[in-house]
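Visitor: Now for the letters of each chain:
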Amino acid sequence: MRAGIGVRLFACLIALLFVAPTLIVAATSVTSGTMVTFPPKGFSLRWFQEVLTDPEWLTALGNSVQVGLLAATLAMAAGTSLAFAAARSRFLPPALVTGLAVLPMTVPLVVAGIGFYLVYIRVGLSGNVLSLGIAHAVLGLPFVFVNVLAALTGVDRRVEEAARVSGATEAVTLLRITLPLVAPAALVGGVLAFVSSWDEVVVALFLNTPQFRTLPVVMWSQVRSGVEPSISAVATLITLVSLLMAALVLVGPAVVKKVRRRT
Amino acid sequence: MTETATQAGPTGQEGSPGARVELTGIVKVYGDTRAVDDVSLTVEPGQFLTLLGASGSGKTTLLRIIAGFVDADEGRIVVNGRDISQVPVHQRGIGMVFQNYALFPHLSVAANVAFPLEMRGVRRRDRAALVERALEAVHLGGYGRRSPKELSGGQQQRVALARAIVARPPLLLMDEPLGALDRRLREAMQIEIRRLSRELGLTVINVTHDQEEALTMSDRIALLAGGRLVQHGTPEELYGLPESEVAARFLGESNLFRGRVRGEGTQSVLALPYGRVLVPGDPPGEREAVVVVRPSAIRIRPAGAEPSTAAVSRMPGVVSADIYAGDSRKVLVEGADGAELVVRCESGAPLPCSVGDEVVLEWDPGSCHIIPGAA
Chain A
14 MRAGIGVRLF ACLIALLFVA PTLIVAATSV TSGTMVTFPP KGFSLRWFQE VLTDPEWLTA
74 LGNSVQVGLL AATLAMAAGT SLAFAAARSR FLPPALVTGL AVLPMTVPLV VAGIGFYLVY
134 IRVGLSGNVL SLGIAHAVLG LPFVFVNVLA ALTGVDRRVE EAARVSGATE AVTLLRITLP
194 LVAPAALVGG VLAFVSSWDE VVVALFLNTP QFRTLPVVMW SQVRSGVEPS ISAVATLITL
254 VSLLMAALVL VGPAVVKKVR RRT
Chain B
82 MTETATQAGP TGQEGSPGAR VELTGIVKVY GDTRAVDDVS LTVEPGQFLT LLGASGSGKT
142 TLLRIIAGFV DADEGRIVVN GRDISQVPVH QRGIGMVFQN YALFPHLSVA ANVAFPLEMR
202 GVRRRDRAAL VERALEAVHL GGYGRRSPKE LSGGQQQRVA LARAIVARPP LLLMDEPLGA
262 LDRRLREAMQ IEIRRLSREL GLTVINVTHD QEEALTMSDR IALLAGGRLV QHGTPEELYG
322 LPESEVAARF LGESNLFRGR VRGEGTQSVL ALPYGRVLVP GDPPGEREAV VVVRPSAIRI
382 RPAGAEPSTA AVSRMPGVVS ADIYAGDSRK VLVEGADGAE LVVRCESGAP LPCSVGDEVV
442 LEWDPGSCHI IPGAA
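Heads up: the protein sequence lines correspond to chains A and B, in order. Numbered according to my numbering, the first sequence spans residues 14 to 276. Numbered according to my numbering, the second sequence spans residues 82 to 456.
These are calculated hints, taken from the structure and not from any lab test. Virtual Cβ for every residue (Gly too), placed ideally from N, Cα, C. Don't take every hint at face value.
To be verified - Some, not all, of what chain A presents toward chain B, calculated at C-beta under 10 Å: (1) 16; (2) 170; (3) 172; (4) 179.
As the list claims (entries may be wrong) - Where chain A lies over chain B, by a calculated footprint (3+ residues, C-beta under 8 Å): (5) 170 to 179; (6) 186 to 196.
What the hints assert, rightly or not - Label pairs and their in silico Cβ distance ranges: (7) A:15 with B:135: 46 to 56 Å; (8) B:269 with A:118: 51 to 61 Å; (9) B:269 with A:167: 27 to 37 Å; (10) B:279 with A:169: 23 to 33 Å; (11) B:152 with A:134: 49 to 59 Å; (12) B:291 with A:167: 23 to 33 Å; (13) B:383 with A:169: 53 to 63 Å.
Based on the sequences and whatever the hints tell you, model everything.
Guide: Here you go:
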């Protein structure tokens with residue numbers, strides 16, 4: 014059955030509503046004026062140039078990238094381990110593990126932010142890549158967990174048995190067979206964890222110090238003192254990175270498979 | 082191809098003779114069920130044994146116990162004189178083929194086949210030749226660089242077979258290896274596997290529920306039912322001389338008559354309310370017995386026809402179905418007690434009756450088999 018013309022128009026309208034704010038912000042970033050206006054006055058990349066040469070923005074950009082990478086790495090390690098526990102553990106009930114692993118998705122960000130803030134003050138860990146990276150890793154963990162768990166339930170136990178009977182110990186089977194089979198799923202989860210860290214502002218606000226701020230935090234504080242087209246430029250850059258990551262998730266696994274086949 | 086068989090294996094053993102496998106009193110209990118119930122049997126070197134049984138008969142559990150995936154509650158597994166009951170799976174040195182092939186999907190065909198060699202510490206430069214030889218043995222030479230996903234089901238099973246034999250294991254286990262293949266491919270693979278196991282001198286333990294596969298491929302069949310070993314013998318013995326009703330029913334079509342055998346003059350007769358079954362041999366006195374008559378031994382004659390010879394068993398009935406099956410035809414006849422009897426005739430010969438006709442079934446006493454004491 015094909016959708017009628019009316020339904021299609023309606024769908025396009027809804028889609029437009031979704032992307033309109035992003036498009037408008039992107040448009041305002043290429044203005045040649047000094048105010049955020051829509052439609053933009055003239056065309057220039059001066060605001061991108063300003064952002065990419067301003068030390069404050071650049072430092073924030075560096076922080077965001079580092080936090081995102083650390084968060085993604087930690088989330089991949091912890092999420093994959095928890096997924097194995099949920100799928101394979103003989104001692105832990107799977108429901109308990111799953112419940113714990115997806116908990117960060119349901120906890121309100123404000124609560125998580127306050128929680129991390131209080132704990133970090135107590136242990137003297139704050140205002141650096143590590144502290145925010147760990148916090149974001151917890152928030153990104155469910156993405157990895159859910160992906161890997163799904164991949165793991167799809168792994169045929171007899172494939173692992175075939176490895177065992179071929180002479181592989183359990184550890185070798187894990188390293189050579191099972192982990193490679195779930196690696197693409199873990200990688201996708203890691204990318205999603207990176208994206209969730211990349212634009213996360215609530216927890217980042219609680220944990221920011223004047224010396225350590227990520228891109229969204231700097232944006233937030235600048236917006237409070239008046240909107241400049243530089244904000245639009247940063248917003249556009251952030252969106253582009255997120256889009257790039259989404260593309261990675263979509264085509265990444267296929268590429269991984271292709272590369273693997275050649276080797 | 083015979084070169085493959087006679088050349089030295091990776092460990093330098095010539096011809097790699099198969100293992101002698103002895104199972105003694107194997108028991109496995111799951112909750113209230115005895116999945117495997119005191120099974121003892123011996124497989125001679127180079128023998129092809131099939132564990133045959135319906136689902137739930139314990140055949141797969143028994144195979145998994147031999148492989149080491151399941152620990153037996155009782156009993157011993159001795160391979161070439163060495164008790165391996167406590168040896169972990171990866172040290173048993175067994176080859177195994179799984180029903181769903183269980184190839185490593187992320188590895189190439191060559192890497193799949195090389196895996197057991199790698200795990201056994203065969204040097205990298207020696208592996209390639211062994212892998213190619215194993216692939217050639219299953220007619221997949223040159224397929225090494227492909228991904229398993231690019232191959233058909235039959236080809237994937239050949240790769241699995243190559244992986245299982247590449248390291249020349251003394252014992253090859255197969256868990257319904259042909260279950261996922263269509264009939265023609267299955268028959269081709271039956272011959273293929275048999276040829277390969279003979280050439281390599283492998284001891285094979287194969288699990289199947291397919292009696293035809295068991296009869297075609299095996300040197301010995303171990304029939305299992307309810308976790309117990311029902312009968313262990315050659316295919317001819319199991320088909321021709323079933324020792325129990327279970328065996329008679331499971332292997333091939335059969336007509337069973339149950340009752341008391343009495344001497345009548347010079348003959349022994351199993352008297353039924355509606356007919357007489359002559360029993361060969363000269364049994365001393367009365368006894369309970371089951372008489373097995375294979376469908377192909379029975380002739381159909383029109384009702385009222387004279388007995389073709391004096392010494393035949395006769396049984397009246399009504400033809401209830403006539404099923405054409407290509408090279409033969411299967412006729413179902415309802416006996417006087419309502420039980421259905423199966424008759425196999427040559428499909429070329431004209432049938433002396435049609436559905437609904439009253440007929441008399443005849444067979445020679447020598448063509449039936451008696452299971453004593455079973456009633």
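Visitor: So, for every hint listed, does it hold in this structure?
Guide: Right, here's what the structure says about each hint:
1. 16: Because about 34 Å separates residue 16 of chain A from the closest Cβ in chain B, which is outside the 10 Å limit, the hint is violated.
2. 170: Holds. Min distance 9 Å.
3. 172: holds, 5 Å
4. 179: holds, 4 Å
5. 170 to 179: holds (count 9)
6. 186 to 196: With 4 residues in contact (Cβ-Cβ under 8 Å with chain A), the coverage given for the segment 186 to 196 of chain B holds.
7. A:15 with B:135: 46 to 56 Å: Since residue 15 of chain A and residue 135 of chain B have Cβ atoms about 50 Å apart, the given range 46 to 56 Å holds.
8. B:269 with A:118: 51 to 61 Å: holds, 53 Å
9. B:269 with A:167: 27 to 37 Å: holds, 31 Å
10. B:279 with A:169: 23 to 33 Å: Once the Cβ atoms are compared, 31 Å apart, the range 23 to 33 Å for residue 169 of chain A and residue 279 of chain B holds.
11. B:152 with A:134: 49 to 59 Å: Because 53 Å falls inside the window, the suggested range holds.
12. B:291 with A:167: 23 to 33 Å: holds, 29 Å
13. B:383 with A:169: 53 to 63 Å: holds, 58 Å
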